[in-house]
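Below are the chains, spelled out letter by letter.
Number of protein chains: 2
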Amino acid sequence: MAPDTVPGRVLVVGTGLIGTSVALALRARGVSVWLNDADRSSAALAEGLGAGTAVTDLRDAKGIADVAVLAMPPEAVGEMLRASQDAAVADVYTDVASVKSLPASRARELGCDLASYVPGHPMAGRERHGPAAGRADLFLGRTWAVCPLPETSGDAVAAVTALARACGANVVTADTATHDQWVALVSHAPHVVSSAMAARLAADGVTADALRLAGGGLRDVTRVAAGDPVLWTQILSANAAPVAEILKAVAADLADAAETPADMTGLLVRGRDGVGRIPGKRGDSPREFAVVQVVMADRPGELARLFGVAGDADVNVEDVRIEHSPGHPTGVAEISVRPERASALLDALTADGWTARR
Amino acid sequence: MAPDTVPGRVLVVGTGLIGTSVALALRARGVSVWLNDADRSSAALAEGLGAGTAVTDLRDAKGIADVAVLAMPPEAVGEMLRASQDAAVADVYTDVASVKSLPASRARELGCDLASYVPGHPMAGRERHGPAAGRADLFLGRTWAVCPLPETSGDAVAAVTALARACGANVVTADTATHDQWVALVSHAPHVVSSAMAARLAADGVTADALRLAGGGLRDVTRVAAGDPVLWTQILSANAAPVAEILKAVAADLADAAETPADMTGLLVRGRDGVGRIPGKRGDSPREFAVVQVVMADRPGELARLFGVAGDADVNVEDVRIEHSPGHPTGVAEISVRPERASALLDALTADGWTARR
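Read top to bottom, the protein sequences are chains A and B. The first sequence finishes on residue 357 if you use numbering that gives the first Met the number 0, and the numbering steps up by one all the way, no holes. The second sequence finishes on residue 357 if you use numbering that gives the first Met the number 0, and the numbering steps up by one all the way, no holes.
Isolated chain A, as found in the complex (with noise of 0.2 angstroms):
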């Protein structure tokens, strides 16, 4: 398969939120999509919503598809590897689970090949759960970390980052421990702050009238620990080491800034800077970016065909806003980019037939 080009038979294994979004998307870029779940009423409700073929035994699909995506939690992924490889379903295997370094070390230990696999992270998610959940535009402009292990062959890489590109995301390549202290920082560790403060609202002494000052501020630094417990242990015990490590620094600064609470300018101003770090997507300025506009026919699956021009044109999609009038057939899609890559985007658009202005 020649580089950049999108696979054109995928088996997605798992048939949860992520792996029938990635089947979705793919669907409607035109790839041929089989799908498998242990649960079997999983893989057919998925099968239901087009999402693609169901296959009941793995067993039978020697060489189904060009790329196997492994959908499953961290400590599912090297089993399920080692089995897939060994009945040869695919020529390249990657997984989308939310930590690296532990399914690439137990497919270390399974001695699975890892010439064909290739870990990677879909940043995407929602609340609800399941193949009814999926949705064709959940990895639309969301970062999908690509992390090849050193035994990974260039060819496996391109297919997955192709992959990628077609569910609509942007890719960002690491290795495994470097996407796993990346994801500490960005949503781990996050996690577990927010939970410690919302501890303190269920603290004893503390009445319904406190909680009636409460405000938009403390509901978004709350929100995320109302994620499920269990779920989110064996996420951060899967990550344990590089999530110490900033819950130690976090907590070195609070105390700081307990015992001398007259003198925390500086963290703030820290904070104030961190916050200013965080790309794109919400609460930037609009400045920073160059926007396209692109005439869209409401029916579906257009949105993700414009993804897939950016993504083939090589353009990270920073924002995107759909203007539509209610009653009338033809929306407008407004595209944030970098300014940079404004005239890319806006060439490729042109050529596939669309009608885009900057």
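If you are wondering where the hints come from, they were derived from the structure by calculation, not from laboratory data. Among the hints, erroneous ones may be present.
Note that identical chains are pooled: a pair holds if it fits in a single copy or bridges any two copies.
As the list claims (entries may be wrong) - Straight-line alpha carbon distances no greater than 20 angstroms define the calculated SDA-like cross-link-like pairs of lysine to any residue that follow: (1) K61 <-> Q84; (2) K247 <-> T232; (3) K247 <-> Q180; (4) K247 <-> A261; (5) K247 <-> V205; (6) K247 <-> A202; (7) K61 <-> G47; (8) K247 <-> F288; (9) K247 <-> G204.
On a predicted model such as this, the values are computed, not experimentally measured, just so you know.
Using the hints provided, position chain B relative to the given structure of chain A.
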């Protein structure tokens, strides 16, 4: 003045965001409003916005108002209370500063009349500052803490309570020390915790690629850390002891979590329980509230008038959504209230001439 009667004449000293918004809200209820600010151009702008009539010198304003609202930072309240009581501008005085023990102590030190002083704090704000940012609906459905001192008269408390309700707010009463513990918990400590997490993003070695993995969770947790470090240092210094107590507890929980990461389910469960205690407004299950629908004309002050009726009927507004078709002159306000108060609201609205239904 009879209890629960909205003051007919109000003087607002300080025409920033909060002062101007109080003035606009009261003007919408037909209250006569006078405006004063050390910066005359600020008072003039507020006057130009229809917030009331500017008075240049408080010493010429003897007996001008039933209630004077001092809308300025905590450290300035005491002196202004002394000056305005010396000028005898009003029968009753209140302030809107975000901490209450500091201005109350200062007022006591300065020998102010405490019988006519009702410390207060509306829980509302915006990103923007100054009179131009003022909005008549800033306090709609928000909580307004009223914090009488032991010396404060019942009549003074009744007048300020009626004023807060006339602005559309729901009143909670607490002594000043309790108020300060409450805001430490729901606002000040969360700000520092958010900053401490955000500060990690500005640490050495954190790359732009790492931050490209940031999702909505990190943005939520760190959003308030974007606030002005100098302003927040003032706020935190004015409420140092209650904030320090909470920060110490959060730091201890985070240090424990770093020590035994596999054992943090307990913290996550407490955090989830804490989030679940935050009432109303956002993220709540809508089942908990009854929804009253009210037809609204598209003209200024309509919402303020609506909330005035709810306040007069002693109905707390838990949430409000406006449904409005573009180009259509009337909309529908969907008002969430506790189920047992829905009939009272419906009766009050109908008696006041509104078209309303459950």
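Tested hints:
no. : hint          : verdict
1   : K61 <-> Q84   : within (9 angstroms within a copy, 88 angstroms between copies)
2   : K247 <-> T232 : within (18 angstroms within a copy, 23 angstroms between copies)
3   : K247 <-> Q180 : within (14 angstroms within a copy, 26 angstroms between copies)
4   : K247 <-> A261 : between (22 angstroms within a copy, 15 angstroms between copies)
5   : K247 <-> V205 : between (27 angstroms within a copy, 16 angstroms between copies)
6   : K247 <-> A202 : between (22 angstroms within a copy, 14 angstroms between copies)
7   : K61 <-> G47   : neither (24 angstroms within a copy, 77 angstroms between copies)
8   : K247 <-> F288 : neither (36 angstroms within a copy, 41 angstroms between copies)
9   : K247 <-> G204 : between (28 angstroms within a copy, 17 angstroms between copies)
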